[in-house]
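Asker: Residue numbers (the working numbering), protein chains in the order written: chain A, 182 to 400; chain S, 182 to 400.
Incorrect hints may have been included.
What the hints assert, rightly or not - With a Cα cut of at most 27 Å, we get these calculated DSS-like pairs of lysine-lysine: (1) K332(S) with K344(S); (2) K199(A) with K287(S); (3) K334(S) with K317(A); (4) K344(A) with K287(A); (5) K332(A) with K332(S); (6) K287(S) with K287(A); (7) K317(A) with K287(A); (8) K332(S) with K317(A); (9) K334(S) with K332(A); (10) K332(A) with K317(S); (11) K199(S) with K344(A); (12) K317(S) with K193(S); (13) K287(A) with K193(S); (14) K193(A) with K287(S); (15) K317(A) with K344(A); (16) K199(A) with K344(S); (17) K334(A) with K334(S); (18) K334(A) with K317(S); (19) K287(A) with K199(S); (20) K344(A) with K372(A); (21) K372(S) with K344(S); (22) K193(A) with K287(A); (23) K334(S) with K317(S); (24) K332(A) with K317(A); (25) K287(S) with K334(A).
To be verified - Part of the chain A face toward chain S, derived, beta carbon under 8 Å: (26) T261; (27) A265; (28) E272; (29) L273; (30) A284; (31) L285; (32) R295; (33) R296; (34) A315; (35) W319; (36) A330; (37) L341.
In short, the hints are calculated from the structure, not lab data. Note that the Cβ used here is the ideal one computed from N, Cα and C, for glycine as well.
Protein chains: 2
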Amino acid sequence: MGGPEPYDPVEKLEDDMKLFDGGRAPNPRRVRVFLAEKGLTVPLVPVDMGALEHRGEEVAQRNPLRRLPVLELDGGTVITESIAICRYFEELHPEPPLFGTGALGKAKVEMWQRRLELNLMASVAAAFRHIHPAMKEWEVPQIPQWGEANKPKAIEFLRLFDKELAEREFAAGDAYSVADITGMIAIDFMKPARIRVPEECTNVLRWYAALTSRPSATA
Amino acid sequence: MGGPEPYDPVEKLEDDMKLFDGGRAPNPRRVRVFLAEKGLTVPLVPVDMGALEHRGEEVAQRNPLRRLPVLELDGGTVITESIAICRYFEELHPEPPLFGTGALGKAKVEMWQRRLELNLMASVAAAFRHIHPAMKEWEVPQIPQWGEANKPKAIEFLRLFDKELAEREFAAGDAYSVADITGMIAIDFMKPARIRVPEECTNVLRWYAALTSRPSATA
Numbered sequence: 182m183g184g185p186e187p188y189d190p191v192e193k194l195e196d197d198m199k200l201f202d203g204g205r206a207p208n209p210r211r212v213r214v215f216l217a218e219k220g221l222t223v224p225l226v227p228v229d230m231g232a233l234e235h236r237g238e239e240v241a242q243r244n245p246l247r248r249l250p251v252l253e254l255d256g257g258t259v260i261t262e263s264i265a266i267c268r269y270f271e272e273l274h275p276e277p278p279l280f281g282t283g284a285l286g287k288a289k290v291e292m293w294q295r296r297l298e299l300n301l302m303a304s305v306a307a308a309f310r311h312i313h314p315a316m317k318e319w320e321v322p323q324i325p326q327w328g329e330a331n332k333p334k335a336i337e338f339l340r341l342f343d344k345e346l347a348e349r350e351f352a353a354g355d356a357y358s359v360a361d362i363t364g365m366i367a368i369d370f371m372k373p374a375r376i377r378v379p380e381e382c383t384n385v386l387r388w389y390a391a392l393t394s395r396p397s398a399t400a
Numbered sequence: 182m183g184g185p186e187p188y189d190p191v192e193k194l195e196d197d198m199k200l201f202d203g204g205r206a207p208n209p210r211r212v213r214v215f216l217a218e219k220g221l222t223v224p225l226v227p228v229d230m231g232a233l234e235h236r237g238e239e240v241a242q243r244n245p246l247r248r249l250p251v252l253e254l255d256g257g258t259v260i261t262e263s264i265a266i267c268r269y270f271e272e273l274h275p276e277p278p279l280f281g282t283g284a285l286g287k288a289k290v291e292m293w294q295r296r297l298e299l300n301l302m303a304s305v306a307a308a309f310r311h312i313h314p315a316m317k318e319w320e321v322p323q324i325p326q327w328g329e330a331n332k333p334k335a336i337e338f339l340r341l342f343d344k345e346l347a348e349r350e351f352a353a354g355d356a357y358s359v360a361d362i363t364g365m366i367a368i369d370f371m372k373p374a375r376i377r378v379p380e381e382c383t384n385v386l387r388w389y390a391a392l393t394s395r396p397s398a399t400a
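So that you can see chain A by itself, here it is in the shape it has in the complex (with noise of 0.2 Å):
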């Protein structure tokens, strides 16, 4: 229970695509963990985000957003997104099922990453985009005021995440899922935005001792 489990022997190679990677950043990542457990190679094209590389024509041509990860097709059909470009690995590789198995068991992973999503990340990306020196140039106009009012809903949601953990091993059941994925660099995330675990959801801190003990933690 906990541990890291089997990749598939066999490494699939997906030489006729592109990642356009954007390093130690949240959403690249998740990419790059779920290929990871998919046991999936494709080549990286690799994007200075600290250069601010990302804001480039290279990109921007791809992605008018000019946000990465984005995927490259063989013919230049791009896909853009962390959890789409997921779901595409998904249906060309089912094995081993990151997004559920059944209605019910879909359902539940969609409604746990959206959760770990919505109230965790991206309180977790308000508080360091909007408070933290460094960005400065990436979010204009920087609020302070907004980013502080984020910390106390991160919490808070740690630690109602904390009681469901409780009774189960994973984000979304009993199965390693892309919520595990995105909980997991949420809360690597909470590092540079200056917010720490609550010492007393030791639920929280087991489940995250067992994900990052995995291999693909370190994709």
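Fit chain S to the given chain A structure using the hints.
Answerer: Positioned in the frame of chain A, the structure of chain S alone reads:
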């Protein structure tokens, strides 16, 4: 092209479940429009959001985030998050497909549903909640500067979306999907948020007119 599509004449009654519904609010409406497009009828439990009833125990014991809509299945299992509820019905009743078909088609619906939700609907919601006097008790603290910062984000996205709609009928391709539902409701939500579609966005206006002429729009 663009006109209402015929509904499945057989109305399927999902009377072993109930949907806690929030009337005019955007998220509950997303699910009602989705059900109308599927030709499904689910017993509704009305909750008066104007009287803050969604903060009460009836909702909280089912959704600790105290938000609507909430779907309760026979036996008490609960699904929250509009898109998770929609996906549950998509799995049970695949026709007509509203989350796309095939790996690329599903990825495109996911991509556009997210783009419309995160760039348009979320910006409109932030403008409404952080500026409108009626939202003082809902959004604490109200930060008018953050509300104002979101208005140009919504407009900027609409200009980008307008270029996309020059080449196709619906948000994610040639078929109506859940992405269109999110987009239509986001535009309706612009009225109380006091944001207007730029008149040069003629493709957006054509698309919006087609969506609002479908029988499902009044759901």
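Asker: Are the hints correct? Go through all of them and say.
Answerer: Hints and how they fare:
{"no.": "1", "hint": "K332(S) with K344(S)", "result": "holds, 19 Å"}
{"no.": "2", "hint": "K199(A) with K287(S)", "result": "holds, 19 Å"}
{"no.": "3", "hint": "K334(S) with K317(A)", "result": "holds, 17 Å"}
{"no.": "4", "hint": "K344(A) with K287(A)", "result": "holds, 22 Å"}
{"no.": "5", "hint": "K332(A) with K332(S)", "result": "holds, 23 Å"}
{"no.": "6", "hint": "K287(S) with K287(A)", "result": "holds, 14 Å"}
{"no.": "7", "hint": "K317(A) with K287(A)", "result": "violated, 39 Å"}
{"no.": "8", "hint": "K332(S) with K317(A)", "result": "holds, 20 Å"}
{"no.": "9", "hint": "K334(S) with K332(A)", "result": "holds, 23 Å"}
{"no.": "10", "hint": "K332(A) with K317(S)", "result": "holds, 20 Å"}
{"no.": "11", "hint": "K199(S) with K344(A)", "result": "holds, 25 Å"}
{"no.": "12", "hint": "K317(S) with K193(S)", "result": "violated, 40 Å"}
{"no.": "13", "hint": "K287(A) with K193(S)", "result": "holds, 21 Å"}
{"no.": "14", "hint": "K193(A) with K287(S)", "result": "holds, 21 Å"}
{"no.": "15", "hint": "K317(A) with K344(A)", "result": "violated, 36 Å"}
{"no.": "16", "hint": "K199(A) with K344(S)", "result": "holds, 25 Å"}
{"no.": "17", "hint": "K334(A) with K334(S)", "result": "holds, 23 Å"}
{"no.": "18", "hint": "K334(A) with K317(S)", "result": "holds, 17 Å"}
{"no.": "19", "hint": "K287(A) with K199(S)", "result": "holds, 19 Å"}
{"no.": "20", "hint": "K344(A) with K372(A)", "result": "holds, 23 Å"}
{"no.": "21", "hint": "K372(S) with K344(S)", "result": "holds, 23 Å"}
{"no.": "22", "hint": "K193(A) with K287(A)", "result": "holds, 25 Å"}
{"no.": "23", "hint": "K334(S) with K317(S)", "result": "holds, 22 Å"}
{"no.": "24", "hint": "K332(A) with K317(A)", "result": "holds, 19 Å"}
{"no.": "25", "hint": "K287(S) with K334(A)", "result": "violated, 32 Å"}
{"no.": "26", "hint": "T261", "result": "holds, 6 Å"}
{"no.": "27", "hint": "A265", "result": "holds, 4 Å"}
{"no.": "28", "hint": "E272", "result": "holds, 4 Å"}
{"no.": "29", "hint": "L273", "result": "holds, 5 Å"}
{"no.": "30", "hint": "A284", "result": "holds, 4 Å"}
{"no.": "31", "hint": "L285", "result": "holds, 7 Å"}
{"no.": "32", "hint": "R295", "result": "holds, 5 Å"}
{"no.": "33", "hint": "R296", "result": "holds, 7 Å"}
{"no.": "34", "hint": "A315", "result": "violated, 19 Å"}
{"no.": "35", "hint": "W319", "result": "violated, 13 Å"}
{"no.": "36", "hint": "A330", "result": "holds, 6 Å"}
{"no.": "37", "hint": "L341", "result": "holds, 5 Å"}
Hints 7, 12, 15, 25, 34, 35 from the list above are not met by this structure, while the remaining hints are.
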